[in-house]
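Peer 1: Using the sequences and the hints given, assemble the complete structure.
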Amino acid sequence: MIATLTRQVDRLSALLALFAGILVLLLALFIGVDVIARRFFAFSLQGSDELGGYVLALVGALGFAYVQAERGFTRIDLILPYFPAAVRRGLHVLAYLTLAGFAVFMAWYALVEYRETWAFDSRANTPLQTPLWIPQGLWLAGMAICALSAVGHAVLALRLAMGDPDRLERQYGARTVADELEEFQAAHRADAPSARLD
Amino acid sequence: MAGIEVIAIGFGLMLVLMMLGLHIATALFLTAATGAWWYYGGTMFRPFGTMMWGTLNNFLLVAIPLYVLMGEILMRGGVTERMYVALADWLRRLPGGLLHTNIAASTLFASISGSSVATAATIGTVAFPAFRKQSYSEPWVLGTVASGATLGILIPPSINMIIYGALTNTSIGQLFIAGVVPGALLALLFMGLIVIASVLDPTIAGKDGTVEDAAWRAARRRRLKDLLPPIGIFTVVMGSIYAGWATPTEAAAVGVVASLGLVGAYGRLSLGLLREAALTTVRVTAMTLLILIAAFYLNFVVGLLGIPAKVSTAIAAVDVAPWQMILLLVVLYVFLGCFLDSLAMMIATIPIVFPVVTGIGYDPLWFGVFLVVMCEIALITPPVGMNLYVVQGVRGRGSVSTVVRGTLPFVGCVFLLILLITFIPGIVTWLPASLY
Chain A
59 MIATLTRQVD RLSALLALFA GILVLLLALF IGVDVIARRF FAFSLQGSDE
109 LGGYVLALVG ALGFAYVQAE RGFTRIDLIL PYFPAAVRRG LHVLAYLTLA
159 GFAVFMAWYA LVEYRETWAF DSRANTPLQT PLWIPQGLWL AGMAICALSA
209 VGHAVLALRL AMGDPDRLER QYGARTVADE LEEFQAAHRA DAPSARLD
Chain B
10 MAGIEVIAIG FGLMLVLMML GLHIATALFL TAATGAWWYY GGTMFRPFGT
60 MMWGTLNNFL LVAIPLYVLM GEILMRGGVT ERMYVALADW LRRLPGGLLH
110 TNIAASTLFA SISGSSVATA ATIGTVAFPA FRKQSYSEPW VLGTVASGAT
160 LGILIPPSIN MIIYGALTNT SIGQLFIAGV VPGALLALLF MGLIVIASVL
210 DPTIAGKDGT VEDAAWRAAR RRRLKDLLPP IGIFTVVMGS IYAGWATPTE
260 AAAVGVVASL GLVGAYGRLS LGLLREAALT TVRVTAMTLL ILIAAFYLNF
310 VVGLLGIPAK VSTAIAAVDV APWQMILLLV VLYVFLGCFL DSLAMMIATI
360 PIVFPVVTGI GYDPLWFGVF LVVMCEIALI TPPVGMNLYV VQGVRGRGSV
410 STVVRGTLPF VGCVFLLILL ITFIPGIVTW LPASLY
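Those protein sequences? They're chains A and B, same order as listed.
For what it's worth, our numbering labels the leading residue of the first sequence as 59, then goes sequentially.
For what it's worth, our numbering labels the leading residue of the second sequence as 10, then goes sequentially.
Hints listed in this document are in silico derivations from the structure and should not be mistaken for laboratory results.
The C-beta atom is built at its ideal place from N, Cα and C for all residues, glycine as well.
Incorrect hints may appear among the rest.
Using C-beta positions, here's what the derived DEER-type ranges look like [what the hints assert, rightly or not]:
1) B:Phe68 to A:Glu128: 25 to 33 Å
2) B:Pro391 to A:Asp224: 24 to 32 Å
3) A:Asn183 to B:Leu337: 38 to 46 Å
4) B:Gly281 to A:Gln229: 24 to 32 Å
5) A:Phe99 to B:Thr52: 48 to 56 Å
6) B:Asn178 to A:Leu169: 24 to 32 Å
Peer 2: As structure tokens, then:
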């Protein structure tokens, strides 16, 4: 049950990450046009800094669950390999339990912040006067998904520790540089022509 | 209130948590939260939500995804390969031959990318197959790629500088400009080392006398069209910051637009490329932001406990000269670099060290560049120097100790740079001072 649910959350977060990425691309075009227009045609699209801030908040909130699903958050594996296997597995589980705790803490305080915004009907201190509940609502949703995914993965890690330690090591072990590099090269092989020196 | 021993306990706790393999963000957060809880109870958790929103909704940090996106588009659009081949044609006659290409290509790539690891992986992937057929000394080939790539965080744009600027309220535009001269100087030191080494021992560089003069000149002219566009993008980005037309964040957006145009002109722009570039951007940004949320909270708690003032008082009591202080910091950072990821090292020490160093009269810009250079050393010294492992991974055979051996002479160059900027701070501060 939890495994299926977590997989669904992971799939959703990959879609949301792509959405956030598209927002960054659009933001770049928007700001780019703004700078050029301001410099050469003496007019400005207002509010690019404000929108930029909202986009970043969304990239963070929507990206966290995505990175979490790919176990991409940085861990240091300098001495981990030297622990006895049982201790090391315990530490993998501990890492994911504490990460889940942090994610839930963040989501909770995002909710606290959101409720205050809602209660005071806060608006951005900008020409747009955006009601803050709109960007913060999306942000809160992202943080909630991140917390959900973090808890799901922590439970899965805990269960694997008891049932299937090898899979725990594979799925929740610290990523090595080799893992990351393989990913990097897989991503770049397709579109990288090899250089020829002649 | 906290005494000075709290720093040792807190820092020790953080190191232990990181060594136990907790995620870096969690380790930073737990350290900060423990301190806040111990002295103030739950009340100091209250501002966490506001602080988190403030971190994420920060226009300065919007520069991070934009520069990552720019580098990704250029790299995936094949700009790096073209650049590498062109530089090889231009530099092959220098003593040391193609070894210079690795440094020069890293320098140029660093100026369109903000990350050293991405630089190492990209240049390595292009360079190693090209070197297979040649008779160059392998440690030198590996060393030039690993150490050249560290320029990625010193030469603007630089993710490390954006983070330093945001954490310490230092102008990111000025930091970028402050990185230009030391970055170029370090590249020259690297190339000088290659020249000296290959004159002393010609066997480290392959023979390359087969190209006719006329053919060589023609090749250089032909390749120029691959070299000028990346230089043009760098000029547009840094030029608009220097001229005051755009903030570093806005300049990044202009860089993205220019990169799209260039890759489009090469006929390489596709939906697949955009999708992959966008996803990588989100991944890198989210990883960094999680650490930053924890870092801003740690900064807040450390300030609340009055730790910087206490450290400053303690340092003033010992009465060390500023340069001795810097020497101590070099030792501290080389030591920390043995355990920590370079970004974690920078973020974890800024709340305590920054007030002290600026307190004894060093310029915040100078310290930013110093810190980035110390990160560079951390990237190429064992046991956790990321670049060493990335280069070893790309090479895919032999042992990492060959990479370490090849990189060692270049570590010497980085230390020389530290000496130079410590005794002639103008290397760092002159260019940004000429700005306003």
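Peer 1: Now tell me if each hint is right for this structure.
Peer 2: For each hint, the structure was consulted:
1. B:Phe68 to A:Glu128: 25 to 33 Å: 28 Å, holds
2. B:Pro391 to A:Asp224: 24 to 32 Å: About 29 Å separates the Cβ atoms of Pro391 of chain B and Asp224 of chain A, which means 24 to 32 Å holds.
3. A:Asn183 to B:Leu337: 38 to 46 Å: With a Cβ separation near 43 Å, Asn183 of chain A and Leu337 of chain B satisfy 38 to 46 Å, so the hint holds.
4. B:Gly281 to A:Gln229: 24 to 32 Å: 28 Å, holds
5. A:Phe99 to B:Thr52: 48 to 56 Å: About 52 Å separates the Cβ atoms of Phe99 of chain A and Thr52 of chain B, which means 48 to 56 Å holds.
6. B:Asn178 to A:Leu169: 24 to 32 Å: 29 Å, holds
When held up to the earlier numbered hints, the structure conflicts with none and fits them all.
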